[in-house]
Amino acid sequence: MLRGPESRRVLAVVRRTAVMLVVASRLVLAGPVPAPVVTSTPATARLLIAAGRYRPLWRQPVPGASRDTVRRAVVATDVGAFLLDQHAVTNDDFLAFVRTHPEWRRSRVSRLFADASYLHHWRGDLDPGPQAPGRSPVVYVSWFAARAYAAAQGGRLPSVAEWERVAAADETRRDATRDARFLTRVREFYARPAPAVLPEVGSTYRDVWGVDDMHGLIWEWTLDFNSALVSGESRADGSLDRSLFCGAGASGAADFADYAAFMRFAYRASLEARYTTAQLGFRVAYDTPATGSARTRAAPASTRKAGLP
Amino acid sequence: MTRHASPRWLVCLLATLVAGCSRPDAASHATPSTAAVAAASEPSLFELTFPLTDSQGRTRHLDELRGRPFVASMVYTSCTSVCPRITADLQRLERALPADVRARTRFVLFSLDPERDTPAALRAFAREHGLDSTRWTLLAAGPDDMRTLAAVLDVRFRPDAGGEIAHSAVIVVAGADGVIRHRQAGLGTGDSSLVAAVRAAQ
Numbered sequence: 001m002l003r004g005p006e007s008r009r010v011l012a013v014v015r016r017t018a019v020m021l022v023v024a025s026r027l028v029l030a031g032p033v034p035a036p037v038v039t040s041t042p043a044t045a046r047l048l049i050a051a052g053r054y055r056p057l058w059r060q061p062v063p064g065a066s067r068d069t070v071r072r073a074v075v076a077t078d079v080g081a082f083l084l085d086q087h088a089v090t091n092d093d094f095l096a097f098v099r100t101h102p103e104w105r106r107s108r109v110s111r112l113f114a115d116a117s118y119l120h121h122w123r124g125d126l127d128p129g130p131q132a133p134g135r136s137p138v139v140y141v142s143w144f145a146a147r148a149y150a151a152a153q154g155g156r157l158p159s160v161a162e163w164e165r166v167a168a169a170d171e172t173r174r175d176a177t178r179d180a181r182f183l184t185r186v187r188e189f190y191a192r193p194a195p196a197v198l199p200e201v202g203s204t205y206r207d208v209w210g211v212d213d214m215h216g217l218i219w220e221w222t223l224d225f226n227s228a229l230v231s232g233e234s235r236a237d238g239s240l241d242r243s244l245f246c247g248a249g250a251s252g253a254a255d256f257a258d259y260a261a262f263m264r265f266a267y268r269a270s271l272e273a274r275y276t277t278a279q280l281g282f283r284v285a286y287d288t289p290a291t292g293s294a295r296t297r298a299a300p301a302s303t304r305k306a307g308l309p
Numbered sequence: 310m311t312r313h314a315s316p317r318w319l320v321c322l323l324a325t326l327v328a329g330c331s332r333p334d335a336a337s338h339a340t341p342s343t344a345a346v347a348a349a350s351e352p353s354l355f356e357l358t359f360p361l362t363d364s365q366g367r368t369r370h371l372d373e374l375r376g377r378p379f380v381a382s383m384v385y386t387s388c389t390s391v392c393p394r395i396t397a398d399l400q401r402l403e404r405a406l407p408a409d410v411r412a413r414t415r416f417v418l419f420s421l422d423p424e425r426d427t428p429a430a431l432r433a434f435a436r437e438h439g440l441d442s443t444r445w446t447l448l449a450a451g452p453d454d455m456r457t458l459a460a461v462l463d464v465r466f467r468p469d470a471g472g473e474i475a476h477s478a479v480i481v482v483a484g485a486d487g488v489i490r491h492r493q494a495g496l497g498t499g500d501s502s503l504v505a506a507v508r509a510a511q
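Order-wise, the sequence lines are chains D and R. The first sequence: position 262 = 262 (the working numbering), numbered continuously. One gets the working numbering by counting positions in the second sequence from 1 and adding 309 to each.
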């Protein structure tokens with residue numbers, strides 16, 4: 001079931017992080033929930049995610065009581081407003097990209113930027129084939145490829161903080177991470193084997209922001225996936241492990257409940273930028289224009305779907 | 310939560326993740342702390358074509374390093390914890406090399422902090438650590454390119470609220486063709502493998 005050095009590494013990361021982690025990722029949210037604002041584009045809608053705060057999983061040094069002491073604490077970070085694609089990049093989208101960016105075709109991509117399974121499930125360079133339906137999310141893409149795609153759209157990958165902020169939402173709430181039912185649904189996705197052919201984007205659920213499939217379809221690259229300073233090799237990041245929360249005795253049921261967020265943390269820690277896998281895709285984020293766009297409109301609530309898979 | 314607690318869904322997840330990965334070359338990057346990297350058909354760092362700025366403020370490119378093997382790491386000059394130790398490890402390696410090998414080998418430090426690591430900051434760092442300018446090159450890229458470089462070298466990093474940049478200690482040895490021949494993660498893991506790697510990269 002688990003085999004090879006990679007699986008051992010993933011498992012080691014998960015084990016070590018599981019033991020250390022007692023702080024669940026939480027979002028600190030304030031204010032009423034306005035209707036999401038949408039900018040129409042040919043491929044997908046760009047949804048406005050309002051500014052908020054993100055409580056990361058890790059602790060970082062903060063000044064202590066006296067000048068010479070440092071204590072460690074979870075520091076909530078501000079997440080500025082940004083735009084996020086309504087759904088993940090599809091095979092159709094990515095095909096259009098590799099048509100105009102031949103350096104990202106399967107046969108030409110540099111091994112510096114993608115491993116040998118890059119677009120592994122496509123039938124050919126410009127032929128996704130039956131394993132990669134046009135409206136299904138593209139997977140087997142590396143971080144480099146995802147980033148290049150995003151840049152070609154005038155966007156970027158979302159940060160971990162941005163992604164987690166959106167991923168905390170369910171159909172009606174910006175932060176559903178204290179609701180056991182929501183967390184159970186997310187965990188059930190993690191436990192479910194991936195189908196051989198992925199379903200279409202928009203086939204799971206639409207959250208309160210109007211964003212589709214944050215859980216339930218694929219895993220997604222983030223810009224700073226490599227900011228998780230934990231490793232299966234204790235020697236490698238020894239000095240950095242101190243940045244992580246190790247007070248296991250403080251663990252409680254509420255913390256354990258957000259195990260799903262911690263799983264994503266561990267999963268990202270196991271990745272390298274040129275890795276490609278069967279369930280790992282991405283979606284594109286964009287900085288907000290300095291002034292509001294005149295082309296924005298409210299998301300049609302009537303089109304929202306209810307229920308996770 | 311105990312160390313042996315391992316919910317079934319977690320195991321299922323891992324099985325799913327791993328089973329979904331078809332990666333013939335997994336062994337080359339799921340490395341132990343220190344690993345020789347296969348030379349054949351490996352990509353070159355010289356494929357990275359973005360500009361960098363050196364400690365003299367000149368625009369440089371990685372392929373200018375072509376022709377001589379080099380040892381590289383990523384640091385930032387205002388760092389007080391890990392970076393001086395990485396630099397010290399590299400200097401210890403420099404001293405441990407036979408004179409002829411040392412004369413042919415370059416040492417390159419890439420900045421993790423494009424905003425603060427100006428040419429003047431790089432110069433001050435080189436002076437403070439007594440880096441021999443005939444062998445050492447300090448380079449800073451723009452923020453996006455720095456992120457690319459860190460990803461290529463698999464250097465993990467996270468800026469802290471206090472201005473520090475937590476990061477992993479990585480030393481790579483590249484051949485004259487820019488192909489990474491050896492990668493070491495972690496501090497002070499001994500010079501012998503690094504020395505051997507540099508000699509092999511000649």
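There may be inaccurate statements among the hints.
[Said to hold, decoys possible] Label-pair restraints from in silico Cβ distances:
| # | chain 1 | residue 1 | chain 2 | residue 2 | range |
| --- | --- | --- | --- | --- | --- |
| 1 | D | R108 | R | T389 | 41 to 51 Å |
| 2 | R | R411 | D | A81 | 32 to 42 Å |
| 3 | R | P360 | D | R192 | 19 to 29 Å |
| 4 | R | S387 | D | A152 | 44 to 54 Å |
| 5 | D | V75 | R | R394 | 46 to 56 Å |
| 6 | D | P289 | R | R411 | 45 to 55 Å |
| 7 | D | D92 | R | P393 | 46 to 56 Å |
| 8 | D | G129 | R | R401 | 51 to 61 Å |
| 9 | D | A180 | R | R394 | 16 to 26 Å |
| 10 | R | T358 | D | S107 | 17 to 27 Å |
| 11 | D | R108 | R | F359 | 14 to 24 Å |
| 12 | D | T184 | R | S501 | 19 to 29 Å |
[As the list claims (entries may be wrong)] Computed footprint of chain D on chain R, listed as stretches where at least three residues anywhere in the stretch have a Cβ under 8 Å from a Cβ of chain D:
| # | segment |
| --- | --- |
| 13 | 364-372 |
| 14 | 452-461 |
| 15 | 468-482 |
It is worth saying that the hints were derived from the structure and are not from the lab. In this text the structure is predicted, and so the values were computed from the model without any measurement. For every residue, glycine included, the Cβ atom is placed at its ideal position computed from N, Cα and C.
Out of the numbered hints, which ones does the structure contradict?
Of the numbered hints, 2, 3, 4, 5, 9, 12, 13 do not hold.
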